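Engineer: Sequence:
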Amino acid sequence: MRTVLTDTRYGCAMSGATPGPTFGKLLTQGRTAKTWSQDRLAAETGISRTTISRYEREITSTPEAEHVRALCAALDIDPRRAAVSLGYLTADEIQPAVPVPAKLKEILDVLEDPNIPAADKQSWIDYLLYLKAKAQDSASAS
Numbered sequence: 004m005r006t007v008l009t010d011t012r013y014g015c016a017m018s019g020a021t022p023g024p025t026f027g028k029l030l031t032q033g034r035t036a037k038t039w040s041q042d043r044l045a046a047e048t049g050i051s052r053t054t055i056s057r058y059e060r061e062i063t064s065t066p067e068a069e070h071v072r073a074l075c076a077a078l079d080i081d082p083r084r085a086a087v088s089l090g091y092l093t094a095d096e097i098q099p100a101v102p103v104p105a106k107l108k109e110i111l112d113v114l115e116d117p118n119i120p121a122a123d124k125q126s127w128i129d130y131l132l133y134l135k136a137k138a139q140d141s142a143s144a145s
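Here the sequence shown stands for residues 4 to 145, where the numbers follow the working numbering.
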């Protein structure tokens, strides 16, 4: 049997979703973990203490996107968890299909580096494709 939860704040069905902390609870947990007061969080983010209090007490159900990003950054909260807590995504939707190995991440970082000329990156890719084709030819000849 498939569980369907309805988020009363948005009136939408969330198939297979499991309830997690609300955005207000997520903020409170993050702030408490850092032992920050609402005043300190307000100073760190530029968001008024009153607004932070409203979010934590869930008086405001749809926080501004910039506020969500700023609060997540200040409290070291994964923004995807915030999206789940606000009902925009389910926990299943934010899980990466396959974790990226460290070496592959290193390669991606090089390819995304704006300081490396595009022509150099393309030469590197062409060389890797050449090595791959050479290895496949060797394997099929065996």
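For the record, the hints were derived by calculation from the structure and aren't laboratory data.
Source: prediction; values computed, not measured.
A few of these clues could be false.
[Unchecked claim] Only pairs whose alpha carbons sit at most 27 Å apart, straight line, appear in this in silico DSS-like list of lysine-lysine: (1) K108 to K135; (2) K106 to K137; (3) K124 to K108; (4) K124 to K135; (5) K124 to K137; (6) K106 to K135; (7) K137 to K108; (8) K124 to K106.
[Unchecked claim] Label pairs and their calculated CB-CB ranges: (9) Q98 to E47: 28 to 38 Å; (10) A73 to P104: 24 to 34 Å; (11) P82 to R52: 39 to 49 Å.
In this text, a Cβ means the ideal position worked out from N, Cα and C, and glycines have one as well.
Engineer: Let me make sure I understand: some of the numbered hints might not hold for this structure. Which ones are they, in numerical order?
Structural biologist: 11
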